[in-house]
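Engineer: Chain by chain, the residues run as shown.
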Amino acid sequence: MNTALLIITLFLIISIVMGLLAKRGKDMSMEQWAIGGRGFGGLFVFLLLAGETYSVFTLLGTSGLAFNNGAAAFYLLAFTALGTITSYWLLPVIWKYAKENNVVSQSQFFSKKYNSTGLGVFVAVVGVVALIPYITILFKSMGILVAATSYGAISSNVAIWVGMIALLGYVMVSGIHGSAWTSTIKDFLIFFVILFLGIYLPIHYHGSLGGLFQAVSEVKPQALTLPEKGLSVSWFISTVAISSFAYFMWPHVAPTVFASKNAKAFRLNAVLLPIYAIMVLFVYFVGFTAIVQLPGLKSGDFALLELSMKTFDPWFVGIIGATGLLATLVPGSMMLMSAATMITTNVIEPLKPNVSDKNKALSAKGFVVLLSIVCAFFSMSESSTLATLYLTSFSLITQMAPSMYLSLRKNNGITKYGAGIGMLVGVAIVIYVTFTKTTMAILFPSLPSVIQDLNIGIIALAANILVMFIISSLTKKTIVNNGNNENKHDVKLTS
Amino acid sequence: MKLYYLLALLPYIAILGGAAFVNKVEPYVLGIPFFLFWIILWAVLCSVIMFVIYRLDPINKENEE
Numbered sequence: 001m002n003t004a005l006l007i008i009t010l011f012l013i014i015s016i017v018m019g020l021l022a023k024r025g026k027d028m029s030m031e032q033w034a035i036g037g038r039g040f041g042g043l044f045v046f047l048l049l050a051g052e053t054y055s056v057f058t059l060l061g062t063s064g065l066a067f068n069n070g071a072a073a074f075y076l077l078a079f080t081a082l083g084t085i086t087s088y089w090l091l092p093v094i095w096k097y098a099k100e101n102n103v104v105s106q107s108q109f110f111s112k113k114y115n116s117t118g119l120g121v122f123v124a125v126v127g128v129v130a131l132i133p134y135i136t137i138l139f140k141s142m143g144i145l146v147a148a149t150s151y152g153a154i155s156s157n158v159a160i161w162v163g164m165i166a167l168l169g170y171v172m173v174s175g176i177h178g179s180a181w182t183s184t185i186k187d188f189l190i191f192f193v194i195l196f197l198g199i200y201l202p203i204h205y206h207g208s209l210g211g212l213f214q215a216v217s218e219v220k221p222q223a224l225t226l227p228e229k230g231l232s233v234s235w236f237i238s239t240v241a242i243s244s245f246a247y248f249m250w251p252h253v254a255p256t257v258f259a260s261k262n263a264k265a266f267r268l269n270a271v272l273l274p275i276y277a278i279m280v281l282f283v284y285f286v287g288f289t290a291i292v293q294l295p296g297l298k299s300g301d302f303a304l305l306e307l308s309m310k311t312f313d314p315w316f317v318g319i320i321g322a323t324g325l326l327a328t329l330v331p332g333s334m335m336l337m338s339a340a341t342m343i344t345t346n347v348i349e350p351l352k353p354n355v356s357d358k359n360k361a362l363s364a365k366g367f368v369v370l371l372s373i374v375c376a377f378f379s380m381s382e383s384s385t386l387a388t389l390y391l392t393s394f395s396l397i398t399q400m401a402p403s404m405y406l407s408l409r410k411n412n413g414i415t416k417y418g419a420g421i422g423m424l425v426g427v428a429i430v431i432y433v434t435f436t437k438t439t440m441a442i443l444f445p446s447l448p449s450v451i452q453d454l455n456i457g458i459i460a461l462a463a464n465i466l467v468m469f470i471i472s473s474l475t476k477k478t479i480v481n482n483g484n485n486e487n488k489h490d491v492k493l494t495s
Numbered sequence: 496m497k498l499y500y501l502l503a504l505l506p507y508i509a510i511l512g513g514a515a516f517v518n519k520v521e522p523y524v525l526g527i528p529f530f531l532f533w534i535i536l537w538a539v540l541c542s543v544i545m546f547v548i549y550r551l552d553p554i555n556k557e558n559e560e
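Quick note, the sequences are listed as chains A and B, same order. Take 1 as the starting number for the first sequence in this note's numbering and just add one per residue. Take 496 as the starting number for the second sequence in this note's numbering and just add one per residue.
Among the hints, a few may not be true.
Simulated crosslink set (EDC-like; lysine to aspartate or glutamate; CA at most 16 Å straight-line) [claimed, not checked]: (1) Lys264(A) x Asp552(B); (2) Lys264(A) x Glu521(B); (3) Lys360(A) x Glu349(A); (4) Lys96(A) x Glu228(A); (5) Lys556(B) x Glu521(B); (6) Lys519(B) x Glu100(A); (7) Lys261(A) x Asp552(B); (8) Lys229(A) x Glu218(A).
Honestly, the hints are just simulated from the structure, not real lab data.
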């Protein structure tokens, strides 16, 4: 075993031990853990929301996208900045409603707003489906991480299974609340690693940032702007638009929102989060340095690691690898557990109310294992890049946004049928497109590339909204008519 | 609806509406190609604008429980 792999293994053991200690220290109830009794102060909410932004995808996927597609990667910075400012208006309203109605999860929010258990169940299922590509990213990253740092000694498929077992062990041992310490160490490490690599690598190889971009403009000038076709300007605009629209729709982010003590925290976050988003810039610099320094590299997802291995001693590669590992374990355990909680409390409970607590906990654990295995298989069979999987995940959660936003109005004209069927249509389009690898260009070969290049998620979203309004107006008619009849009746009685 | 809330639309107009016009390498600003510079600039301005709104909005001066 080489030094890098040794350090990564050491961090894995430490994080599991810390999880064990965390469990022994405090045995919190499920609800306490989920939203911390709505007692989180502004700074803590900021750290949680900000930390959410950075997973192993930031390290490997973002640098990979910059390496493969250059300027297209800038969409991540653009949509994060635009998405986070919606926090000012969106989150206080959601938080207030959740507080007044004792809502602890996203699907509960929908079932209460639309007064429909069925819609809540459906939203929980959509949430879990949307998390699958994201968890697949984490497993794939784990495979890339170990395969690269073992200098080829361990294959990425073996690494994915080992990684999956490590993640499962971590989740089972540390239980639902995980270890706050592991999460803090992860945030600190990823912050340090990103800043260091993004500043050191361009200076080390090219003297300055200007030198780096000058070198890129000689080697691969097309990487500095969006291309005419493919990931073009219209792809960029449509992708930034839908991703920022859906920024706070993640099911595992909802508990963080509900955990806040007051609404002011969200408005302050809208000021701070865009600045924090600029961190991703330094990952672009790593990807661009790799364009010049690793001309033969086949898969961009390996760019950050390969460049680090070319530049640094194995022990430092180990630190970077360990950062990637923690940035997999922390969000991975959160996503797995929130998916399991959603299924047990928002699907099994409403459908089968008599299940005992013990069986609920058991089914939650069983579900975590099942979900991990499914995602592990996806991560081995799916040849898509990390960035493509990330886009799929976003296209899926985007489908919850229209009925979520509209439910915040005083008079919501959308019915539960409109919300549910609209969402179903949107999600079905995204899934169909993902598995058949359909693009707008295949569907509409004669249209100009401005339309062909549109992110297909925006088509799904448009269909979703259209169906939502049509079904709502059809199903509302009966309700409105009933209301009118009653009014007439009232008039008659009084006259 | 407070009128200064409309300030928050500026970054959307600049990034979504401006993308087609700023998708170019030159001029370099601080060594950074113009398209990337434009996005960084507006990410920073997002913060600045939200800070202005935060300070103007009387709702943030109230002490909610």
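Engineer: If a hint holds in the structure, say so; if it doesn't, say that too.
Structural biologist: Against the structure, the hints come out as follows:
Distance hint between Lys264(A) and Asp552(B) is fulfilled; the C-alpha atoms sit about 11 Å from each other, no more than 16 Å. With a CA separation close to 41 Å, the supplied pair Lys264(A) and Glu521(B) exceeds the 16 Å bound. Proximity of Lys360(A) to Glu349(A) is assessed by CA-CA distance (about 8 Å); at most 16 Å being required, the pair is judged to hold. The straight-line distance between the Cα atoms of Lys96(A) and Glu228(A) is roughly 45 Å, outside the 16 Å bound, and the hint therefore fails.
For the hint pairing Lys556(B) with Glu521(B), the CA-to-CA distance comes to about 44 Å; that exceeds 16 Å, so the pair is violated. A C-alpha spacing of about 50 Å is found between Lys519(B) and Glu100(A), which places the hinted pair above 16 Å, so the restraint is violated. A distance of roughly 20 Å separates the Cα atoms of Lys261(A) and Asp552(B); the hinted pair therefore is violated under the 16 Å criterion. Proposed proximity of Lys229(A) and Glu218(A) is contradicted: the alpha carbons are some 21 Å apart, above 16 Å.
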